[in-house]
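K.L.:
Residues per chain are reported as follows:
Protein chains: 2
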Amino acid sequence: MKRILLPVLLTALSLSEICFAQTGQVLINSNLAGTVHPNPYNLYGAQFPRIEADGRVTFHFNAPDAKKVQVAIANVAFDMTKGEDGIWTYTSEPQDKGYHNYWMLVDSAIVVDPATNAFIGYSHMCNGFEIPDPDGGFYDLKDVPHGNVIIKNYFSKTISAWRHIYVYTPPGYETNTSTRYPVFYLQHGGGEDERVWFEMGRTNLILDNLIAEGKAKPFIVVMETSAAYKPGEVPPQPRAAGARPATPPDSTQRRRAFSFDTYKDVMLNDMIPFIDANFRTLKNANSRAMAGLSMGTFVTRVVALATPDKFAYLGIFSGGSIAPTDVPDKSKVKLIFMSFGSRERGADGLKDAAETLKKAGINAVSYVSPLTAHEWQSWRRSLYQMAPLLFK
Amino acid sequence: MKRILLPVLLTALSLSEICFAQTGQVLINSNLAGTVHPNPYNLYGAQFPRIEADGRVTFHFNAPDAKKVQVAIANVAFDMTKGEDGIWTYTSEPQDKGYHNYWMLVDSAIVVDPATNAFIGYSHMCNGFEIPDPDGGFYDLKDVPHGNVIIKNYFSKTISAWRHIYVYTPPGYETNTSTRYPVFYLQHGGGEDERVWFEMGRTNLILDNLIAEGKAKPFIVVMETSAAYKPGEVPPQPRAAGARPATPPDSTQRRRAFSFDTYKDVMLNDMIPFIDANFRTLKNANSRAMAGLSMGTFVTRVVALATPDKFAYLGIFSGGSIAPTDVPDKSKVKLIFMSFGSRERGADGLKDAAETLKKAGINAVSYVSPLTAHEWQSWRRSLYQMAPLLFK
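As you go down the protein sequences, you meet chains A and B in turn.
According to numbering that gives the first Met the number 0, the residues represented by the first sequence are 0 to 391, in order.
According to numbering that gives the first Met the number 0, the residues represented by the second sequence are 0 to 391, in order.
Take these hints with a grain of salt, some might be off.
In this list, chains with the same sequence are indistinguishable; a pair is considered to hold if it fits within one copy or across any two.
[As the list claims (entries may be wrong)] Derived lysine to aspartate or glutamate pairs resembling EDC-like cross-links, with alpha carbons at most 16 Å apart:
{"#": "1", "residue 1": "K156", "residue 2": "D264"}
{"#": "2", "residue 1": "K151", "residue 2": "D139"}
{"#": "3", "residue 1": "K156", "residue 2": "E232"}
{"#": "4", "residue 1": "K67", "residue 2": "D53"}
{"#": "5", "residue 1": "K282", "residue 2": "D269"}
It is worth saying that the hints were derived from the structure and are not from the lab.
Predicted, not measured: the structure shown is a model, and the values here were computed from it.
Start from the sequences and build out the full structure, keeping to the hints where you can.
P.N.:
So this is what it looks like as structure tokens:
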């Protein structure tokens, strides 16, 4: 296998660059587009999943004693074929550019491939693969000034519990010690958590690159999970199939799970004050943005759209659109950014929705990500499109 | 299940604290010792693995179509029993206190349980569970001043590749902007990477707590993987069983994999200069320490023991001992700290090895972690014992 792969690979990058995935940040490279190469999230030199030159993906899985092995790509299962050596193989159709979750089904049990890095998604751990995008240089790790990604814990009085957050500070934050910065609060989707905008979204690299080109103002980004339950509140029940299915939630529990009222209190009363106390922030609505993807768009509506005194910039990625009647105080909104992947159902009406907002006197921008679905490439591109419009 | 568990749990902590694992940092709590509770790394409210009051662990796994399901705890497989509902169960013997890797074997295929957070270990992703330690408060997340954990990327000229590192800066680092700090370089074991001293080792919390009690000086910690290969060098081959087994490495490859000569160049020529340029460090041997666990002790020998002009403090956790003849310049060594878990083979001779070093005029300290093996509780305790001895 190596004899076939090496000549192709060595034209694109050195061997040292492909053999050890390092937590998903380092090894994505838009120059790999059109080459055959191991998935960059593979661990310890594993050669499979292998990304083919045309964006198909070849999976191998070692399960000599299994009766049936499937690979689920973004929640759709495909049968693998068993070889005489006990290795099951499958080569997919060409995949959309960017990051995709996958997992294995071994005799119907949903499991994670231990040879590939694991990421949160679909309310359980998943594996990931990455199709390089020749136009994906905006999220490559480049030789430009880099901000910091800082992992912090803070205590929320609202729920009497510690919270885990990721904070991006832009290049220069540490040295320009008299400068204060605007803050962008960025929300994940359903079944995800505070890690994803860093690990799959590549938020820090997208902003490093935009700031280096002078296309975006330097600002702080805060990433947190919206999962937040007061003592006595019952969170949604697990759906990860490896775990024992719990009793289905009753309707009260379901409403609670999607209300985000508790998270609104956590964010407004605990998290934003913590950020303002521990980082050099600008503490006014015109210096505060919030955006979310999918379920995170509901969180953005509940928290930020509802509090125009606190947030002037809003982003809605793959979560419908906003109508003028949804906006409590038009005079205070600086921007409503709305996006979809072109393969998503809501994409067609988005431009009209933005026009309607504009006619009502609200600055609105719509964006449709070409040839992508309800997945990370749509959201990386949405961040890249929205960031230059912030805090102007 | 909840009816049985809740009264027990509510005596120890509120429900909100147990239901959502957040990247492994938040929910470990020494107060849980002696209670029945879900493993804190479970995702989305999954109830299993469940930690029993006496330290046994009950595993559930949903695999109705599998012929055989096992759970491997620290690389030893135990048969699970299938119930009529298709759920396989197993309750272990009482486990040692602290963190343990586990994974599942579904019809002999090594896989990861998607309902529990995943961690790197054994050269592949693993699941983890945690047995609370009533004396483990030293790594609890507490209401004390917290340092930052910063994720950085830097480019290594030695190997022409980007590198991914975790840097801990102590409380006060951001505000005491004229203070410079010593640096502790901390190495993982075989089959692990730069994440583990943060995710399982809880380095930041151990140091936050020690510094708050005035027991350790504030210092910076840098965590990186020793995996580093120049263009053309062949890294060790994958052993993760989910992946296709590669051709076994020849003896040249094996020697390279364990030589660490390339990593020595990376660290001395690229990484330490990067740290010294980007953090307010003290740039002398008496302000530099290095320690590693298991395979990381070899890295520590190759890099730090061999360069007394660069490092005055050395730690060897679960990786043999150091003899006076191993020390190139006794006058420059400030400390050699050596430790083992009491269940490890080398534990018995460690005190004598330290005495021999002391007789040769070298300040040596030995530590044996009670009732622990070649696992994380030995290394958390080793860090806790060594940190107060540094930079005095």
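K.L.:
From the Cα coordinates, with 16 Å as the cut-off, is the pair K151 and D139 best called within, between, both, or neither?
P.N.:
Classified as between; 14 Å across copies, 25 Å inside a copy.
K.L.:
Under a CA distance limit of 16 Å, which applies to K156 and D264: within one copy, between copies, both, or neither?
P.N.:
For K156 and D264, only the intra-copy Cα distance (10 Å) is at most 16 Å; the inter-copy one is 48 Å.
K.L.:
I want to check one pair: K67 and D53. Are their C-alpha atoms no more than 16 Å apart within a copy, between two copies, both, or neither?
P.N.:
neither (27 Å within a copy, 38 Å between copies)
K.L.:
Classify it for me, K156 with E232: is the Cα-Cα distance of at most 16 Å met within a copy, between copies, both or neither?
P.N.:
within (15 Å within a copy, 53 Å between copies)
K.L.:
For K282 vs D269, is the C-alpha pair at or below 16 Å within one copy, between two copies, both, or neither?
P.N.:
For K282 and D269, the Cα distance is within 16 Å only inside one copy (14 Å; across copies 39 Å).
Violated hints amount to a single one, hint 4; each of the other numbered hints is respected by the structure.
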